[in-house]
Structures are given as C-alpha cells and as structure tokens.
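**Q** Sequence lines, in order, name chains A and B. When we follow UniProt numbering, the leftmost residue of the first sequence carries the number 1, and every step to the right adds one. When we follow UniProt numbering, the leftmost residue of the second sequence carries the number 1, and every step to the right adds one.
Do not take every clue at face value.
[To be verified] In the BS3-like style, the derived pairs of lysine-lysine whose C-alpha atoms are separated by at most 27 Å in a straight line are:
| hint | chain 1 | residue 1 | chain 2 | residue 2 |
| --- | --- | --- | --- | --- |
| 1 | B | Lys268 | A | Lys373 |
| 2 | B | Lys67 | A | Lys94 |
| 3 | B | Lys318 | B | Lys151 |
| 4 | B | Lys279 | A | Lys259 |
| 5 | A | Lys380 | B | Lys279 |
| 6 | B | Lys67 | A | Lys108 |
| 7 | A | Lys287 | B | Lys279 |
| 8 | A | Lys259 | B | Lys268 |
| 9 | A | Lys373 | B | Lys318 |
| 10 | B | Lys64 | A | Lys94 |
| 11 | A | Lys94 | B | Lys60 |
[Stated by the list, open to error] Among the chain A residues that face chain B by a calculated CB cut under 7 Å, a handful are:
| hint | residue |
| --- | --- |
| 12 | Thr73 |
| 13 | Glu79 |
| 14 | Gly87 |
| 15 | Lys192 |
| 16 | Gly195 |
| 17 | Thr196 |
| 18 | Gln262 |
| 19 | Asp290 |
| 20 | Pro299 |
| 21 | Gln300 |
| 22 | Ser308 |
| 23 | Gly311 |
| 24 | Asp318 |
[Stated by the list, open to error] Derived, one-sided and incomplete: chain B residues facing chain A with beta-carbon distance under 10 Å:
| hint | residue |
| --- | --- |
| 25 | Arg62 |
| 26 | Trp68 |
| 27 | Leu73 |
| 28 | Leu189 |
| 29 | Trp191 |
| 30 | Ser301 |
| 31 | Ile303 |
| 32 | Gly304 |
Treat the hints as calculated values from the structure; they're not laboratory data. C-beta: ideal position from N, C-alpha, C; glycine also.
Listed here are the chains, written in short residue letters.
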Amino acid sequence: MSFLTTSAAMLLATSATAVAVSLIPVGLAAAPATPGTAAATPGKATEDTAIHPFRTVIPDDALVDLRRRIAMTRWPDKETVTDQSQGVPLATMKELASYWGTDYDWRKAEVKLNAYPQFVTNIDGLDIHFIHVHSPHPNAMPLIVTHGWPGSIVEQLKIIEPLTNPTAHGGRVEDAFDVVIPSMPGYGFSGKPTGTGWGPEHMARAWAELMQRLGYSHYVAQGGDWGAFVVDQMGLQAPAGLLAIHTNMPATVPADVDKALQTGGPAPSGLSAEEQRAYEQLVRTFKQVDYARLMGSRPQTLYGIADSPVGLAAWLLDHNDADGQPAAAVASALNRTTSATGELTRDEILDNITLYWLTNTGVSASRLYWEYKGGFFNAKGVSIPVAVTVFPGEQYQAPRSWTERAYPKLIYYNRVDKGGHFAAWEQPELFAQEIRAAFRPLR
Amino acid sequence: MSFLTTSTAMLLASSAAVLAVSLIPTPLVAQPATAGAATEDAAIRPFTFRVSDEELADLKRRIKATKWPSRELVVDDTQGVRLATMQKLADYWASQYDWRKVEARLAALPQFVTNIDGVDIHFIHVKAKEPNALPVIITHGWPGSIIEQLKVIDPLTNPTAHGGTAADAFDIVIPSIPGYGFSGKPTELGWDPQHIARVWAVLMDRLGYKKYVAQGGDWGDAISEQMALQKPAGLLGIHTNMPGTLPDNISAALAGGPPPTDLSADEKYAWDQLDFFYKHRVGYAQEMGNRPQTLYALEDSPIGLAAWMLDHDAASQKLIGRVFDGQSEGLTRDDILDNVTLYWLTNTGVSSARLFWESKLAFFAPKGVTIPVAVSAFPDEIYTAPRRWTEKAFPNLIYYNRLGKGGHFAAWEQPELFTQEIRAAFKSLR
Numbered sequence: 001m002s003f004l005t006t007s008a009a010m011l012l013a014t015s016a017t018a019v020a021v022s023l024i025p026v027g028l029a030a031a032p033a034t035p036g037t038a039a040a041t042p043g044k045a046t047e048d049t050a051i052h053p054f055r056t057v058i059p060d061d062a063l064v065d066l067r068r069r070i071a072m073t074r075w076p077d078k079e080t081v082t083d084q085s086q087g088v089p090l091a092t093m094k095e096l097a098s099y100w101g102t103d104y105d106w107r108k109a110e111v112k113l114n115a116y117p118q119f120v121t122n123i124d125g126l127d128i129h130f131i132h133v134h135s136p137h138p139n140a141m142p143l144i145v146t147h148g149w150p151g152s153i154v155e156q157l158k159i160i161e162p163l164t165n166p167t168a169h170g171g172r173v174e175d176a177f178d179v180v181i182p183s184m185p186g187y188g189f190s191g192k193p194t195g196t197g198w199g200p201e202h203m204a205r206a207w208a209e210l211m212q213r214l215g216y217s218h219y220v221a222q223g224g225d226w227g228a229f230v231v232d233q234m235g236l237q238a239p240a241g242l243l244a245i246h247t248n249m250p251a252t253v254p255a256d257v258d259k260a261l262q263t264g265g266p267a268p269s270g271l272s273a274e275e276q277r278a279y280e281q282l283v284r285t286f287k288q289v290d291y292a293r294l295m296g297s298r299p300q301t302l303y304g305i306a307d308s309p310v311g312l313a314a315w316l317l318d319h320n321d322a323d324g325q326p327a328a329a330v331a332s333a334l335n336r337t338t339s340a341t342g343e344l345t346r347d348e349i350l351d352n353i354t355l356y357w358l359t360n361t362g363v364s365a366s367r368l369y370w371e372y373k374g375g376f377f378n379a380k381g382v383s384i385p386v387a388v389t390v391f392p393g394e395q396y397q398a399p400r401s402w403t404e405r406a407y408p409k410l411i412y413y414n415r416v417d418k419g420g421h422f423a424a425w426e427q428p429e430l431f432a433q434e435i436r437a438a439f440r441p442l443r
Numbered sequence: 001m002s003f004l005t006t007s008t009a010m011l012l013a014s015s016a017a018v019l020a021v022s023l024i025p026t027p028l029v030a031q032p033a034t035a036g037a038a039t040e041d042a043a044i045r046p047f048t049f050r051v052s053d054e055e056l057a058d059l060k061r062r063i064k065a066t067k068w069p070s071r072e073l074v075v076d077d078t079q080g081v082r083l084a085t086m087q088k089l090a091d092y093w094a095s096q097y098d099w100r101k102v103e104a105r106l107a108a109l110p111q112f113v114t115n116i117d118g119v120d121i122h123f124i125h126v127k128a129k130e131p132n133a134l135p136v137i138i139t140h141g142w143p144g145s146i147i148e149q150l151k152v153i154d155p156l157t158n159p160t161a162h163g164g165t166a167a168d169a170f171d172i173v174i175p176s177i178p179g180y181g182f183s184g185k186p187t188e189l190g191w192d193p194q195h196i197a198r199v200w201a202v203l204m205d206r207l208g209y210k211k212y213v214a215q216g217g218d219w220g221d222a223i224s225e226q227m228a229l230q231k232p233a234g235l236l237g238i239h240t241n242m243p244g245t246l247p248d249n250i251s252a253a254l255a256g257g258p259p260p261t262d263l264s265a266d267e268k269y270a271w272d273q274l275d276f277f278y279k280h281r282v283g284y285a286q287e288m289g290n291r292p293q294t295l296y297a298l299e300d301s302p303i304g305l306a307a308w309m310l311d312h313d314a315a316s317q318k319l320i321g322r323v324f325d326g327q328s329e330g331l332t333r334d335d336i337l338d339n340v341t342l343y344w345l346t347n348t349g350v351s352s353a354r355l356f357w358e359s360k361l362a363f364f365a366p367k368g369v370t371i372p373v374a375v376s377a378f379p380d381e382i383y384t385a386p387r388r389w390t391e392k393a394f395p396n397l398i399y400y401n402r403l404g405k406g407g408h409f410a411a412w413e414q415p416e417l418f419t420q421e422i423r424a425a426f427k428s429l430r
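Same shape as in the complex, but just chain B:
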C-alpha cells in the first residue's frame, strides 16, 4: 500500500528545495525555533542548528569554573550521582568533548520546522528509498531528545544495509517535543501529552501521510498512547517501550502496602522495580511536576544540569556511571554529552521540566487504548511490563516481546535490537 496522500509529491519537492537551502552556510540558515515569533502558517521550513563559538567557549569556561559540593558520604550511588563520576564527566566535557561532531551529524539529516498551534515544531524527517515505506513518528522522552534516536534512523529507513529487507523500510519523523531541543518553548499553558498527540497528528497530516504508526518511550510513550486514544485518521497502531499496564490493585498497593500475593515471577520482578522506583527514584519527576521553575540551577550550571539528567532511572544512571569509568556498553561518553549539551545550548532544562507539571496522567496506568499496540519490554526499563498486565491493558495487542538486554533509552542503548523490534512489531500492519 501507499502511505502518501496526493499532496505529498509537492511537499517532497519543496522539502528537497529547502533541504538544499539548509546546507548553505550558517548566516543564511534558519535559526532555532523561537517561541512567540512563530507564524501561524502551515509552511514547512528547513532547519539547521549551528551554535556560536562564543557559546561553546562559555560552556567550557563554566564547566571549568564549577564549584563542587563535598563528596557523597557513601561508597555507592545511593545518595545520587557520585562526585567522582561528575568530575570525570566535567573533565572530559571541558577538555575533549566536541559538540561540532554531533552538530555535523545533525546537519547531515533533513530537519524542518513547522508551526502548529503557535509553537514551532522541529523534526527530523528521513524518507526510505523504498516507495512503500511505512511512516513512523518516533517520540523521545525526558531526559532525552532527538539525540536518542539518531542511531535508529539509518537501520529503519535503509533496512537492506542493516540486516533487513526492503519490506522493513520506514519513513521516519522524529520531532522535538515542545519545550525540548529545537522546538519552540510554549509560553502558554496546555501543552500536555494530549495536546502534543494532537499536534503530532497534524504534523503527519501536513507531511502528507495518510497511514502511519507511532512509537515512543518515556514521554514518547505517553504521547503515543494519547494518539492511540485520539485515533486520528491514519494512525494504524503504536509501539511502546514503556507501556502503561499497571493493574489497579498494583497501583493501589504501591501507594503503601504489601504486594499482592498472587504475582507471577515476571510480575514480582516488575513489582520490585516499581517499588524501588517509587521509594527511591521518583523524586526528580515529583519536583519537576510541582516546581519546575524553581530549577534555576539547571540553566545556570552545566554540571547541575548534567547531574540532574544523568540521575534518571537507576539502571541508566549506573550504566552512564560505568561509561565514564571507561567501560563501553550501549552508550558512549559522547552520546551522553551530546544529549546534555543539546539541553544546555537550547536552554531547555526548565522548559522541558514543565511537561511534568502540565501532565496530569498517571505514569504507568492503562489508559484504555483500543487500537493495535505493540510492546517491547526491556529488562532495565523502570519496570518491565509483564505479558499478562500488557494483554489486559491493551486488548488489541499485536506484538509483545521481552528482551534480554536494554533499558529506558532503548533506541539509544540498543539500536539494533530496537530496530528489529520496530520491524517485527509493525509487520502485521503493512
């Protein structure tokens, strides 16, 4: 089947033209989306980001001038990101890390901005060579960005070069959530996951996609599940790597009580993960959910921002700690700093935190999605959704797989595995 509407040819043509424009030298290139200056038209403008040398020099100067707290009192990471980890990160960030490398990688990708509901939405848009590729909109989360998805672009759009078949091809749209990365920062209330979901449907429509799928983890899951609830014309199904599946009795027991006694091994594993998360790790989300503006330090201190972002779920925080100790698994130092530096340079520490304030949704409760849903359950996710909970939460479950490795940042940490999952998940919808 063809996923393109009749207007697509025109859009493709104009995209090609603007893409050419976006590769000319900096002064003529479109600058980052500025909220407020946004126009109301539906034009899709090319986008390239190039930060000034002065801003990079300022960042390095600030990192070198960091005023450090005293060392944690424990010999593990139970009080937060360890001082030694942050000092290693700071040393590498200020002396060896090169933002220009990822800037060049981004500049090599077709990026655009279009204004929807008054906010400029930035997105990467890469088409497969195959004419009948399945369009997918992939949404990042917090503390992520489009950086999380860079490694899956080529495998998904060019599957024959990455162990797949032509029939596995996707056209990929990777937007920056409002308030994140190169998208505009909302200046008005109401940019909750429901609103963002509606905007994504407008975006896919504007790109000429008649039929498409959506994918996400973290906030990307919340947004994808809201899209599934809204059932915009054209949305065939969603894939999530952080599904909302918690049965009511589990949610109630997590608020203060013993686990139900009838849990299977998978369910007990998930319970233990959730119990740990709510007892020890949910603080960042509660703070951002209630007092995002108070986090001035995220905008003023690069190390403050980096530590805040590194200290997400326990598994990814430990993984990142190992990376800065010299081990190589899933993520590199550059991967981590590309993402943190993107937040720093776009000044989005606080604006991204506001999504937690805007959203009134329960993180992991079933939302009542009835369209086709595919789920990949990664072992190091905040919780690994058990099959029984998942089947109950999503009556139209078309795919469920429990993976042997990978965590919260699945696309970033395990791009090959993630790619295979996306291919397998959506095969039945082509």
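Same shape as in the complex, but just chain A:
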C-alpha cells in the first residue's frame, strides 16, 4: 500500500529543497540564534503550517562556557558508601567531567545530527523540531518514533539507517520505513512551552497533526519511556491514519495490581510466576523513581541543573532500569570509548547530556512530569493494534498475560534477551529487527 496522500508528492519536493537548503553553509541555514532557543522560539511562533529546514549549530561561545563551567565545578565530598546506593559516585562524576571538559567534542555530535534532514514546524503555537528521513524504497511505511526522559533524539540516531535502508542492514525492501523523530516540547530543539497543557495527550494530538502535515495518510508510531505514554495516547485517540503502535515500555498493569503497588500492599493472590516477577520489579522501580516524583511536583526548583553541567549530568545519569540505578547500560557506557556492536559509548551519553545543556532544557524537560497526572504503568485501554517488545532491562518485564489484557488487539509480543530502558540506543540492531517484525502484518 502507499502511505502517502496526494499532497505528499508536493511535500516531498519541498522537503528535498529544504534539505538542500539546510546543508548549505551555516550563515544561510536556519541556525539557532542562541543555544537552546534554536530555531524554535516559543512566543514568536507563527501559526502557519510551513515546514522549515533546521540545522544544529551551536555557537563556539556556548561550548567554551560549558568547558569553563565544568573545569570550575565545585564538588561535594565523597559518598559514604562504596557502591551506588547513595547516588552517582563522586569518582564516576569526576572521571566523566575530566573527559567532558577536555577531549569531548560536541561538534562530532553536531555532524551526526546534521547528517539527517531536520525540520521545524509550528503546531499549536509551539515549534516542533524533528528528524525526517525518507527511505529510498517507494512504499516504505511511515513511522514516528518518540524518545523519553532523560533522552532525546540522540537515542534514536542509530536506528535511522537500519529502518530506512533495510537492505543494507540485514533486512528486505519490504522492511523499509520512512522515519520521523520529533523532539518532545520542552526537549532538545523543540520550543519550550510557556503555558501548561503539553502533556502526552497534547503531544499525541500534535504528532498526528505532524504526520498529516508531512502527507502521511497511514502510519505507525513507536515509543519508550515518555514516548510510550505518547504512543499509548495516540492509540487512545486513534487519529485517522494511525494503523498501530509499538511500545518498548508497555502499560499493562491490571487495576488490582496497580492499586496494590500504589498503596504498598501485598501482591494480589493468584499471580503467575511471570506476573509475580513483574510485580517485584515494579515494587523495586517505585522505590527508584524519586527523581520522577520530584520533577512531578517541583520541577522549577531544579535551578541547579540549569546552572551546573555536572549537576545536570548526574541528574540525567541517575535514571534506573531493572539492572541498576544508574541504568546498567548507561553506567557501563561511561567506561566504553568505542563500540563495534552498537553498545552505548561515553560519547553518546555525553551527546545526550550536552544536548540538554546547550538547549537549556533540564527544567523544561522536567515539567512533563508535572503536566502528567495519570498512572504510570497501568493499562490505559488502547484498542487499536499494538505491538510490544519486552526488553529484559526495562523497568518491568510486561508478562504476556497482562499485555494481552491491556491491549486486546495485540498483534505482536516478543521477549528479547538483551537491552534495557534505552532499547533503541542500547541495542539498535535488535530494536530495528523488532520494529520490522512488529509492523510486518500491517503492510
């Protein structure tokens, strides 16, 4: 089937022109005026639906200032334990700062980002930044992939090629996707909302508008972390054209189990071994989400993460997964300088953190937790087709039984044997295989 509306040909032509524009030298490109504001300046946003090319260009001053601040870091004394149980250890942060403040090169990340066509378009008064890569294959399936916190579009860079160009990455022509990777409002190069209301529900509506604006008559959506909330909301809203969603952090917890978790009660009786294990993982998770509770109640008070690079880095690093806090894949990446097989490296971790720093989005990103008043892992009632991949390092491994109940039109369920909370970032090949398999029945 063709996923393009009749207007798509025009848009594609426009996009092609825009890409060309975006690759000409900096002076003529839509470069950010100041770091952080990028092309997307809330308030100045126009209501038009034009799609503007975007290029990431951070001024030298901002990079010099970052290095200066890192060098000037005032440190606390060492934790009083010999493990990570009090937070990110001092030695870890000092070693990271030592590299970040000297040899780390943001310009390399910029080159990686600018290798992909990026755009900005205004939706509901806010500039939405996105990467948009077309497959060379004509009937590619359009896919919108949404990152989470403490992530960004940096999480998804490694899956772009395998998804858009499958024949070069172990796939077939009919596995091809057109990929749209937006920055969530308040994150990265998207605008920062200046009023309330940009929760996952609103983002889901904005994503549908974005896909329509790109000329896609039929498409699928994918997400983990906040991206999972957004795709669940898209699934609930079921906009015209949305065929299905794939989530790597599914919300499947049955109401009685969720209630027991919230009140700290014992697990409901009758859980299978797999369910009991998920319950225990959730109990652990809810003990490791103080960062989320704080951002959910007092995001503005985190002035320190706007002002201190090391403060920001520690805050972003200390996200848990099933294997630890900080997440095992992230903690181990800090010691990995190169990776042949796609595992996270120190540079990738710093690319993501530096993006938060340069766009000044530590606090604006936190506000998403404040905006959202719903439950975390409870089943939301999505009735459109859903595909689920369960990664072993995710907050909890969604049992098949719960997943089938939560998503009555479950078209795909697979438990894979490696990968954690940042699945696309940690295991890009596996992730790409999952996306291909998940959406195959819909082609």
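Position chain B against the provided structure of chain A, taking the given hints into account.
**A** The following block gives chain B in isolation, referenced to the frame of chain A:
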C-alpha cells in the same frame, strides 16, 4: 538546683581561656572542623570561622553567572520556587548581601569544637549569668543550621532583659549536626538520629551538665525524641516543635485512602496539612533519602542550592517568597541568605542531605517516648499536632500549646514566642 557537675568549674575556666584565643586574628584561629583530621581526645577547642575574601568573591561571581531555566508555566508556586523570586534573591545576594555581618555575629558568640566518635562537633555555648540556669541543648534541622537559633540565644540566656525573670534562665548549647555547618562531615556510615542523640548526651556530659533538657524541630525533633528514648543520665525532658504524633490509622490512610471519618476540627486540619505534604511537597526528602550524592548541583550552583533549600514546606517557602517581594514578616532577606550562604561556604549541601539517607525513622510517627515531653504546635508547621494525638503519643506530656502564628522554623521566625514557649514548657522541670 545546680545543673553543674564538679568538673564544670575547670571546664568553664578553660572555656574562658579558649574563648579569648578565639577572638584573636584569623591566622591563629581554629579553622572549621575537618572530618578525618579529627582527634579522638575529649578536648573542647575554641572555634571561629572566617572565610577568605576569595571564596566570597567566587560566590558572587557564580551568582552573577547563573544560567537560568525558563520561567515556570504557572502564575503561582505550584511548580516550585518561582523564577522571579530566585532572580530577586540572586540580585540581592550578589550585590547587597554581606556575609561578614553574620560572621561577626557568630564570632561574638562562644563557639567550640570537640571530637566525638571521630567527628568534630561544632557548637555554640552561651551561659546565663544566673547560676542555676537550666541547660538546654537545641538542635536545628534541614534546611536549617545554627543560624536558625541565633535570635533565641539572648532571650533564653538573659531573660531579665527580654521580659522574663531570673528563674527563666537557660544555659544554651547549640550544636551543628554532623554534616551540617561547621561540624565535621562523617566519612563513615551510621550517623543517624540515634547516633547523633547519643553524641549529644556525650557533649552535655563533657560540658559538665548533670541535668539538662533538649529541644528541637525538624531533624532536631528526631534527635531530641531519640535522646528521650535513650534516656541518658541527666536528661529531664524534651521540648519539640515538630512532634511525632500520628496515630497508626492516620499514617495508613495517608498512604492511600480517605481520611478517617471521626476527626475533630484540629485533626482534620492536621490531616489536610499532611495529605498536602505527602502529595505535593515530600519529594525533596525522598530524593535526599535515596539519592543524596546525585545532588551535585547543590555544591556547584549557589542558586541551585538556594532554590533547593527555599523549597521546603509550603508555608515557609511562601513566606520567603513574600520576604523577597519586599514584605517583612518573621524572616529577613539576610536571615535567609545567612543560612544558605553558610551551607554554601561549608560545602554541606550534599553532606547534610545524607542524614535523610541515614535515617530510617518515620517522620511523624510516635516513637514511644516516656520521659516528660513538652510540645508547641505552630499553625504553619508541616502539620500542627492535635492535642489528642499528642497526648496519646507522649504519655508523660507536661506541656502542650497551640500557637496563633509561626511555622516550621519557629525559633527563627518567631523568636519571642518561641522563647516564651521554652520558658513555659520547662518551668515544671526546674
């Protein structure tokens, strides 16, 4: 009665000598307690703090270089301390605020350091003129420090100059909690409120006090209640302005459920306060309780530290907001910045947060204290302890009073009222 042991005369003499030493110029003065370098002896050394000009210049430079987040999305403080408040604070802090003023006030007070269990404990120690003054050890909390108690020192030690009688006089000991202010930072585990309580008893013994009372709010309450449970020889009673009184059914209901239906007006008021606190304001304590080390930003960003400290309970945070809007009530801009600057200069943002990690105690549950307890219930405290809960929590309740004003930082905000409360609370134990 006399509260002094026989060894006290000697100690007093040596205190006077060291006090003289502490007033000589900076280079000869004892420097802040450094954990690790601590000696194991029981000597009581004089202490004065003088920060270098360079450190003050660095602080101002950092404040001026603050990288700010965008403005909150709401027109109230429901997302945290408002940007306008922090920018007013930063402006005053960097341009007009003078740390040297409070440094001079502190230097005018007898301060000492003594090593207990390997950590240097800093304390202010002011004696009343009256020979039979009642010794009291007053413990601050988080995000407080000895700064909270400065205004009550003279009224308590010199009551006749402050509307009291000679019979109201106290000798005052105001320690800095380990990891806070000028006390050493523990490098080993185990400095929970129970340990600190034991150390306070050693301190009072070392000062020669045979009979004394203890007072505290916030962590100071937790420590004072632990002292009361440990019943060290000499502890006559405690006064708390943040008592642990919650009945079990209230604690259970707060974890997720409707309030019990049989609450009196006072109890409903307390329930609403607690429900609000646990739904909207306990995040700071949970974060520090589980991940204190991750708060690197508190050490590296003065504004990050200030915002984190200002955003304690809702009432005090709003009060501080009004102060920086130009109103004067309870606290001044200088009061607030004296306390924040003390944390900054002593680099204790993270070390103080560790107490939340160390403590496994429930904040507001009764602990089973059976010795005499006096309670002042301030209306703007995290919760205002109802009389019925308080009587049940403390079977030996010797004093209970509900005040018309004052909040979490009672001694700091309402020093006169607080002083009257302490006098009245302990009258029966003299």
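**Q** Under 7 Å, Cβ to Cβ, is where A:Gln262 needs to be relative to chain B, so tell me if that hint holds or is violated.
**A** holds (6 Å)
**Q** For the restraint on B:Trp191, tell me whether the closest CB of chain A is nearer than 10 Å.
**A** With a minimum Cβ separation of about 8 Å from chain A (threshold 10 Å), the hint on B:Trp191 holds.
**Q** Close enough to count: is the Cβ of A:Glu79 nearer than 7 Å to one in chain B?
**A** holds (4 Å)
**Q** Would you mind confirming whether the straight-line C-alpha gap from A:Lys259 to B:Lys268 stays at or under 27 Å?
**A** holds (25 Å)
**Q** Classify the hint on B:Arg62 as holds or violated, based on whether any CB of chain A lies nearer than 10 Å to its CB.
**A** Holds, about 8 Å.
**Q** Taken at face value, is the distance from the CA of B:Lys60 to the CA of A:Lys94 at most 27 Å?
**A** holds (24 Å)
**Q** For the pair we were handed, B:Lys318 and B:Lys151, check the Cα-Cα distance against 27 Å.
**A** holds (21 Å)
**Q** Quick check on the hint: A:Thr73 CB to chain B CB, less than 7 Å?
**A** Hint holds; A:Thr73 Cβ to chain B Cβ min 5 Å, cut 7 Å.
**Q** Straight-line Cα separation of B:Lys279 and A:Lys259 no greater than 27 Å?
**A** Roughly 16 Å between the alpha carbons, so the hint for B:Lys279 and A:Lys259 holds.
**Q** Is B:Lys268 close enough to A:Lys373, meaning Cα to Cα at most 27 Å?
**A** Status holds; Cα separation ~25 Å.
**Q** Holds or violated: B:Trp68 as interface residue toward chain A, Cβ cutoff 10 Å?
**A** holds (6 Å)
**Q** Check the hint pairing A:Lys287 with B:Lys279 against an upper bound of 27 Å on the C-alpha distance.
**A** This hinted pair holds, its Cα atoms lying about 16 Å apart.
Hint check: no violations occur; every hint is consistent with the structure.
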